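Going by the numbering used here, the sequence shown opens with residue 2, and the numbers climb by one from there.
You may find that some hints are simply not true.
Pair ranges (Cβ atoms, derived) [what the hints assert, rightly or not]:
#1 D191 with P145: 32 to 38 Å
#2 S184 with S140: 24 to 30 Å
#3 D11 with L147: 27 to 33 Å
In case anyone wonders, no lab produced these hints; they're calculated from the structure. Since we're looking at a predicted model, the values are computed, not measured. Backbone N, C-alpha and C define an ideal beta-carbon position, used for all residues, glycine too.
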Amino acid sequence: MVGDSAIRIDFGALIDPQVSIRVLALAAAVRETGPDGVRDIVPSYSAATIYIDPLLADVDGLWKLLERLAAEPVSRQTSSRDVLVPVHYGGSDGPDLEAVASFANCSVDQVIHLHTAPRYRVYMVGFLPGFPYLGPVDSRIAIPRLANPRLAVPAGSVGIAGVQTGIYPTVAPGGWCLIGRTSVKAFDQDRDPPSLFRPGDFVRFEAVAGSTR
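Turn these sequences into a full structure, and let the hints guide you.
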């Protein structure tokens, strides 16, 4: 239990596609089963947290259900979408691009190629509303977070932190290394649903004309 209002089911501590598939399958199975008292289900890299109303939920029965569902082989296909995100790399939009190139001992052009080549999995959405945690990043450009985070990262900034890459949906403090910026709105409160990305989706980045080469 996480306090008296949430249950967390862990599948290890790895950032791994197969672990993510199990997490999302459990979340989908709980939604499909619809046990009483469940308020929300939040998947993360390697766990699913089920938020409950302790006055309505049969906690013991829910525990048994979750243990059974978590142990079942993954047979269901979770829904997913492919989202293409145009990015202007470098310049004022990507102030850390050259630092990433130095870290990787390669050219800026190669950093852009290495970042746009993969089809990234959306492992989870969090930190800020609509912030997608994507991965895995090519190990050659998996630069650590900044030692001194910025106080204000512009909305739409695309950053790298280790094997993760992501998009800042709003202006916020942040320590990820910024390599570009997109006009795509990761979060829009007037959109339904507000978050563009969902766990299980896939993302590709595309360099737009004028990106640093």
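Comparing the hints with the structure gives:
| no. | hint | result |
| --- | --- | --- |
| 1 | D191 with P145: 32 to 38 Å | 36 Å, holds |
| 2 | S184 with S140: 24 to 30 Å | 29 Å, holds |
| 3 | D11 with L147: 27 to 33 Å | 29 Å, holds |
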